[in-house]
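Protein chains in written order, with our numbering: chain U, 1017 to 1169; chain B, 495 to 782.
Just so you know, these hints were derived from the structure itself, not from any lab.
Keep in mind that a hint or two might mislead.
[As the list claims (entries may be wrong)] Here are some of the chain B residues that sit facing chain U, going by a computed Cβ distance under 10 Å:
| # | residue |
| --- | --- |
| 1 | Asn499 |
| 2 | Gly526 |
| 3 | Lys535 |
| 4 | Asn539 |
| 5 | Val639 |
| 6 | Val755 |
[As the list claims (entries may be wrong)] Think about it this way: if two alpha-carbon atoms lie no more than 25 Å apart in a straight line, the pair counts; the simulated BS3-like pairs of lysine-lysine are:
| # | chain 1 | residue 1 | chain 2 | residue 2 |
| --- | --- | --- | --- | --- |
| 7 | B | Lys702 | B | Lys638 |
| 8 | U | Lys1018 | B | Lys535 |
| 9 | B | Lys702 | U | Lys1072 |
| 10 | B | Lys535 | U | Lys1038 |
| 11 | B | Lys547 | U | Lys1038 |
| 12 | U | Lys1038 | B | Lys519 |
[Unchecked claim] Listed next, with one range per pair, are the computed distances between beta-carbon atoms:
| # | chain 1 | residue 1 | chain 2 | residue 2 | range |
| --- | --- | --- | --- | --- | --- |
| 13 | U | Ser1059 | B | Ser716 | 16 to 26 Å |
| 14 | B | Ser511 | U | Val1157 | 36 to 46 Å |
| 15 | U | Gln1115 | B | Val531 | 55 to 65 Å |
| 16 | U | Leu1048 | B | Lys534 | 15 to 25 Å |
| 17 | U | Val1085 | B | Val755 | 34 to 44 Å |
As the structure is a computational prediction, the values presented were derived from the model and not from experiment.
All C-beta atoms, glycine included, are put in the ideal place defined by N, C-alpha and C.
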Amino acid sequence: MKIPISLQINGEMYQVQVPVQKTLLSVLREDLALTGTKNGCDSGECGACTVLMDGKPVNSCLILALDAVGKQITTIEGIGGITELDPIQEALVAHGAIQCGYCTPGLVMTAKALLASNPHPTETEVREGIAGNLCRCTGYVKVVEAIMDVSRD
Amino acid sequence: MLDLNYWEPGNLLEAVSLLSNLGEKARPLAGGTDLLVKMKKGPINWSGIVNLKGLPELKGINFEGQTMTIGALTPISALMANPWVGVHFPVLVEAARSLGTPQIRNLATVGGNLCNASPAADVALVLLIYEARLLIMGPKGPRKVPVQEFYAGPGQTVLEPGEILTAVEMDVPPLNSKGVFVKHGKRKSHEIALVNVAVLITPQPGTKQIARARIAVGAVASTQLRLQEAEESLSDTVVTVDALERAAELAEAAVNPIDDVRSTAGYRKQMVKVLTKRALQEAWGGEL
Ligand SMILES: Cc1cc2nc3c(=O)[nH]c(=O)nc-3n(C[C@H](O)[C@H](O)[C@H](O)COP(=O)(O)OP(=O)(O)OC[C@H]3O[C@@H](n4cnc5c(N)ncnc54)[C@H](O)[C@@H]3O)c2cc1C
Ligand code: FES
Ligand code: FES
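Model the full assembly from the supplied sequences, consistent with the hints where possible.
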């Protein structure tokens, strides 16, 4: 059974036909070619698939595309741009907080939501805030510094 | 390939009648953080999903007199965001903070944590010490079940086909009560508990006695447990190191954990004793 739905992503409406079990992550990547959102574990553990749903960070690998109908979804493609990076992206670059980069889109989304709800977090709050974004490369120190830097501006 | 059916009922009665007609063939969907993981892992013995999100009856946190009611669809993060929950049920907030990751907490619901019936569930464990009552709606009408009577085994509840958990209600404990939640895992965050313990003690004002103690443990038996014997050993008792030690020993004796990939039964049993004592000591706070 395929069901026609409309999804609101980065302010635009997209029409797709989805089988019931298809996740928002798969629809983003396979049907809409929004491949900035990554698939790390496909089971809620790593945060690489983080998108914002009505402003809150969530694991898109654990959401049925059908369940995202009526919500405002923001992906990494909806943040900054190739010529105009978001301040969080700029800070990550400036701090050398990106190595392989696989975790980065999810991390940017989480940091974005964190700073929107708490513009001046403590270091502990930043660490707790990004606890759901695993990074196998950086060891987090530079990531935390970068986010703290944005919060000071 | 999986071929699932999907429904989005618009009110509670519609959802109940759908689920009772479908019986074992369908599962309710709340946040999906357990259900989707199971669906992906497979095999599954159901073929339809009934999304509960359109049911206003399952939403919101309300206070009325001394009773708080939490809708089953309330996300775990909403427990942390609501200041009144923190004032009256601080241990619930502790457990919420320990559950999963920020992203998971925005999806995972209170009702899902209960209905999934994992012996390691964190928020559900704390509902035991607050003696929560579960509000259930089904084809035969509404009923209320105390949380300690809700579980039938690992992953199993007393919910009948067609029944939906709608809300959880609990009374504010006496003002001088103090609770503690301890979650033991291999890592600091982001982990299912190897053992978790929740205690709530109510001191006898002006004395060194505990009037009443409540102790609940998780991940050490086929369901989460209230430890009656350990609790009773403390009621109307002067608090001493020995008294707490005895309660912790009774706690250890009452559990029946298993060996699995994450830990051994022996280790879990010992940790029940250690953590129960630690939690009681911390909750008592004063000198011993
Ligand atoms: C990465 C990760 C980390 C996790 N960490 C923790 C943790 O630290 N501690 C912890 O306790 N849990 C943890 N969990 C498990 C899970 O997030 C929680 O159990 C959560 O509360 C489940 O809620 P849900 O709304 O997502 O449930 P769902 O997956 O939607 O539902 C779970 C089950 O309950 C049924 N159900 C749901 N709502 C109702 C209802 N109202 N009436 C009847 N049946 C219903 C569903 O049919 C399903 O069988 C983790 C999960 C993941 C993926
Ligand atoms: S891909 Fe979703 S959390 Fe890892
Ligand atoms: S930079 Fe490689 S996983 Fe984070």
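Item to check | Non-conforming hints, listed in increasing numerical order | outcome: 4, 5, 6, 7, 9, 14, 15
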